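As you go down the protein sequences, you meet chains A and B in turn.
Letter 305 of the first sequence, counting from 1, is numbered 311 in the numbering used here, and no numbers are missing.
Letter 87 of the second sequence, counting from 1, is numbered 93 in the numbering used here, and no numbers are missing.
It is possible that part of the hints are untrue.
One copy or two, either will do: identical chains are not told apart, so a pair holds if it fits within one copy or between any two.
List time: in silico DMTMM-like cross-link candidates among lysine to aspartate or glutamate, alpha-carbon distance up to 25 Å [to be verified]:
| hint | residue 1 | residue 2 |
| --- | --- | --- |
| 1 | K178 | E316 |
| 2 | K359 | D200 |
| 3 | K178 | E308 |
| 4 | K88 | E52 |
| 5 | K178 | D20 |
| 6 | K428 | E316 |
| 7 | K88 | E60 |
| 8 | K178 | D433 |
| 9 | K178 | E361 |
| 10 | K178 | E441 |
| 11 | K428 | D387 |
| 12 | K359 | D433 |
| 13 | K428 | E351 |
| 14 | K88 | E116 |
| 15 | K359 | E434 |
| 16 | K178 | D61 |
Just so you know, these hints were derived from the structure itself, not from any lab.
Being a predicted model, the structure only gives us computed values, none of them experimental.
2 protein chains.
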Amino acid sequence: MPTDPDLLSLNAFDPARGAAADPGTAALLARRQANLGPVSVLFYEEPLHIVRAEDVWLEARDGRRYLDVYNNVASVGHCHPKVVAAIAAQAATLNVHTRYLNEPTEAYLERLKATLPAALSNLALTCSGSEANDLALRLARTATGRQGIIVTAAAYHGNTSAVSEISPSAFKQGRPPAHVRIVPAPDARHYGTDLAGGFAASVWQAIGELDEAGFGCAAFIADSIFSSDGVHADPPGFLQAAAAVVRSAGALYIADEVQPGFARTGDAFWGFERHGIAPDIVTMGKPMGNGFPMAGLAARPEVMAPYFAEFGYFNTFGGNPVAAAAGLAVLDVLREQGLQQNAAETGRYLRRKLEALQASHPSIGTVRGAGLFLGVALCRDDDPDPGAARRVINGLRQRGVLIGACGRHGEVLKIRPPLTFKPEHADELVDALAEALTD
Amino acid sequence: MPTDPDLLSLNAFDPARGAAADPGTAALLARRQANLGPVSVLFYEEPLHIVRAEDVWLEARDGRRYLDVYNNVASVGHCHPKVVAAIAAQAATLNVHTRYLNEPTEAYLERLKATLPAALSNLALTCSGSEANDLALRLARTATGRQGIIVTAAAYHGNTSAVSEISPSAFKQGRPPAHVRIVPAPDARHYGTDLAGGFAASVWQAIGELDEAGFGCAAFIADSIFSSDGVHADPPGFLQAAAAVVRSAGALYIADEVQPGFARTGDAFWGFERHGIAPDIVTMGKPMGNGFPMAGLAARPEVMAPYFAEFGYFNTFGGNPVAAAAGLAVLDVLREQGLQQNAAETGRYLRRKLEALQASHPSIGTVRGAGLFLGVALCRDDDPDPGAARRVINGLRQRGVLIGACGRHGEVLKIRPPLTFKPEHADELVDALAEALTD
Chain A
7 MPTDPDLLSL NAFDPARGAA ADPGTAALLA RRQANLGPVS VLFYEEPLHI VRAEDVWLEA
67 RDGRRYLDVY NNVASVGHCH PKVVAAIAAQ AATLNVHTRY LNEPTEAYLE RLKATLPAAL
127 SNLALTCSGS EANDLALRLA RTATGRQGII VTAAAYHGNT SAVSEISPSA FKQGRPPAHV
187 RIVPAPDARH YGTDLAGGFA ASVWQAIGEL DEAGFGCAAF IADSIFSSDG VHADPPGFLQ
247 AAAAVVRSAG ALYIADEVQP GFARTGDAFW GFERHGIAPD IVTMGKPMGN GFPMAGLAAR
307 PEVMAPYFAE FGYFNTFGGN PVAAAAGLAV LDVLREQGLQ QNAAETGRYL RRKLEALQAS
367 HPSIGTVRGA GLFLGVALCR DDDPDPGAAR RVINGLRQRG VLIGACGRHG EVLKIRPPLT
427 FKPEHADELV DALAEALTD
Chain B
7 MPTDPDLLSL NAFDPARGAA ADPGTAALLA RRQANLGPVS VLFYEEPLHI VRAEDVWLEA
67 RDGRRYLDVY NNVASVGHCH PKVVAAIAAQ AATLNVHTRY LNEPTEAYLE RLKATLPAAL
127 SNLALTCSGS EANDLALRLA RTATGRQGII VTAAAYHGNT SAVSEISPSA FKQGRPPAHV
187 RIVPAPDARH YGTDLAGGFA ASVWQAIGEL DEAGFGCAAF IADSIFSSDG VHADPPGFLQ
247 AAAAVVRSAG ALYIADEVQP GFARTGDAFW GFERHGIAPD IVTMGKPMGN GFPMAGLAAR
307 PEVMAPYFAE FGYFNTFGGN PVAAAAGLAV LDVLREQGLQ QNAAETGRYL RRKLEALQAS
367 HPSIGTVRGA GLFLGVALCR DDDPDPGAAR RVINGLRQRG VLIGACGRHG EVLKIRPPLT
427 FKPEHADELV DALAEALTD
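Bound-form chain A, shown alone (with noise of 0.2 Å):
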């Protein structure tokens, strides 16, 4: 059984064991491990070829409809009208960097502030949420004059150079730099009944750890749901230790919202406010324009201006007029179509027909999570059992249901749709995931 696989290769397809079925499919495959080599990551034993989407579907080269219960970018449905027309609207007007004053980026930024605790009243646009969490390192280090950071076991927080080394889980070799330390994810499993305490302890002892090595540590980062260490969002609140003991070292609490963030969880907008703390910098991405590449920040002015007073930042792409249109189009759509309430009442539904399936499914070790990002831990005789993921994962696609994995042992079943799922639609996956489970 494989044990801690590097998160990017859960659920990936390998040439070696998979093939495309059809020839049209075989073909594109062809061309793209021409064109990518190395760098390809495709999903399943047999890719899927996707030709177009809408809301929850997404829609195969073979006509074949699947429910996607996966991708968490295209928040308010895929290809959403509303969003598709801003950006057509303000690609035809005006596409500038922000070095010129806009009416667009003021608007969007104003209307991000007012979803924000008041204190972190300064952003900064990028393009990607690798970009945000690269700048907030540099934020915390220079703000603390410290070099540690404090991230949990199967952690992602992007691309770069800086965040790769912050994300365990990207490591297909070796591990993080010493400057890295890592403290086991939040998971009863590990922490036993006292899970606020348990890990806010981990991290006080972590904080030591890097005080000794002589880094000091500038801050605490963590994804407020946990996603790629197997989703942990309960009970709300137990963050509110960890975070005390992280102010009280001195150093910054960096709120990862990229994946919980933009109403997802159904309890609150942002995953930390369902934790009733208030981090120093928050980090935000995917969701915010639906597709549309464009991520940020926001910080408290004091946190800012030390690292902005040493170095000249820009982002050329960041905060443009379009990606303004994009994200202001998207907190509309939020608001219009009741999706943070919608995300906490097909979750909670949802999750009651997970439960029940676990009732007569023992494979099923825990269903958690929070509103529409639900994971569901598959085990064998208490043991994670990340083959079981798998297989069901390909069962599901077998059966027209897209879903991902996540978790250090990439056991857990990460269900995380588009935010305007339905009843219906958690009804569907429910009984894929029952014929799945059987098979």
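Start from chain A and add chain B according to the hints.
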């Protein structure tokens, strides 16, 4: 006289020195400063508020049109209808990551590969030139097992942690770390008549220093037209000697084509082609999607493979089908409108007119560059005169023409318009420049 300003503050708005003249722009400026704080980078003593753009024209809030001689992102012209239509159509059809196969992405990769040396057969698509250069450094370091990087004195290669280190022009305080060695830019003022040999000798010496310090040299990275160093393009071929020195040391040559790529130099599609060199890695960005955030790199498979064997790399937005559609439209427009030829012809026309202006204005030290990327160095008693550059840039803005500055001292007028720039636009620029220089 200021010397060695950080590049990003050249022509930057300084709230202590300037202000917005009209109340509407002043209000937007106040919002901007509240939203971005120290992250805000604005041009001009009196910031511009832009509301729309078309081809080579930017239109301000007060209805005034400005001739855009600065913005190389909107390379085929602002808001080009063909690019806008391609983005709108694909965004309405499918916008998803590349872990599923899709046809537009492979079609784009193949069209892009057709412009590149056949040996560079593996591509990686990212969101920004910064991400591309950041990845290029890791490819080079993993492939060579060395850490050192050589850059030019006022180089700028992007904004991530790793590429900020190799961007001397981004440092407001301090200087690059010890594993980054700086060589003087290929400026005849420094190297005299044997530019090729002198520059190669500088690179050779830096390689020796990196070896001696125990870092070894992983790569020499250069913008093929040395934009931020003040635009150094001639004579074509002068980079061959430096490239040979890099190769003989077992290091990699990284051509940063974010600025000169995509036909801007007129002589060739890529800046390195003008020099007849074969880079190990080519990075690209800004003009690639005419404003749609996209970038990438190309390398030989054996340069790619070692890094990807060690790390999982995935770029969520990179290479998505909307980026591919934008990129395909840009390649189509470049060809259909003959923009490489226009860059050559209009560039030649403009250069002749600038040289004629030089005869009557002794403050113009040199006129240099290639195609539609020209630099005009302003001097006083043969010394660089950044104060004059600043005055001229603001004087041109008052006359409805937008340009920028570059060079280690900030004394070089940077002329870099959309590639649809025509002789009548060149006339307008040169007439305004004559007035601004006389003032």
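Hints, verified against the model:
Proximity of K178 to E316 under the C-alpha cut-off of 25 Å is restricted to the inter-copy arrangement: shortest distance 5 Å between copies versus 35 Å within a copy. Neither within a single protomer nor between protomers do K359 and D200 lie at most 25 Å apart by alpha-carbon distance, with minima of 28 Å and 76 Å respectively. In this assembly of identical chains, K178 and E308 lie within 25 Å of each other by CA distance solely across copies; the values are 18 Å between and 37 Å within a copy. With identical chains, the CA atoms of K88 and E52 are never at most 25 Å apart, being 34 Å at best within one copy and 35 Å at best between copies.
For a Cα distance limit of 25 Å, the shortest separation of K178 from D20 inside one copy, 15 Å, qualifies, whereas the shortest one across copies, 47 Å, does not. In this assembly of identical chains, the alpha carbons of K428 and E316 never lie at most 25 Å apart, being 49 Å within a copy and 40 Å across copies at closest. In the homo-oligomer, the alpha carbons of K88 and E60 lie at most 25 Å apart both inside one protomer (13 Å) and across protomers (24 Å), since each shortest distance falls under that limit. Taking the closest pair of Cα atoms, K178 and D433 never come within 25 Å of each other, the shortest separation being 37 Å inside a single copy and 58 Å across copies.
In this assembly of identical chains, K178 and E361 lie within 25 Å of each other by CA distance neither inside one copy nor across copies; the values are 34 Å within and 56 Å between. In this assembly of identical chains, the alpha carbons of K178 and E441 never lie at most 25 Å apart, being 33 Å within a copy and 61 Å across copies at closest. Taking the shortest alpha-carbon separations for K428 and D387, neither the intra-copy value of 34 Å nor the inter-copy value of 74 Å comes in at or below 25 Å. In this assembly of identical chains, the alpha carbons of K359 and D433 lie at most 25 Å apart only when taken from the same copy (8 Å versus 71 Å across copies).
For the identical chains of this complex, K428 and E351 are intra-copy neighbours only, at 9 Å inside a copy versus 59 Å across copies, given an alpha-carbon limit of 25 Å. Taking CA atoms no more than 25 Å apart as the test, K88 paired with E116 passes inside one copy only; the shortest distance there is 20 Å, against 32 Å between copies. Taking the closest pair of Cα atoms, K359 and E434 come within 25 Å of each other only inside a single copy of the chain (11 Å); across copies the shortest separation is 69 Å, beyond that limit. In this assembly of identical chains, the alpha carbons of K178 and D61 never lie at most 25 Å apart, being 35 Å within a copy and 47 Å across copies at closest.
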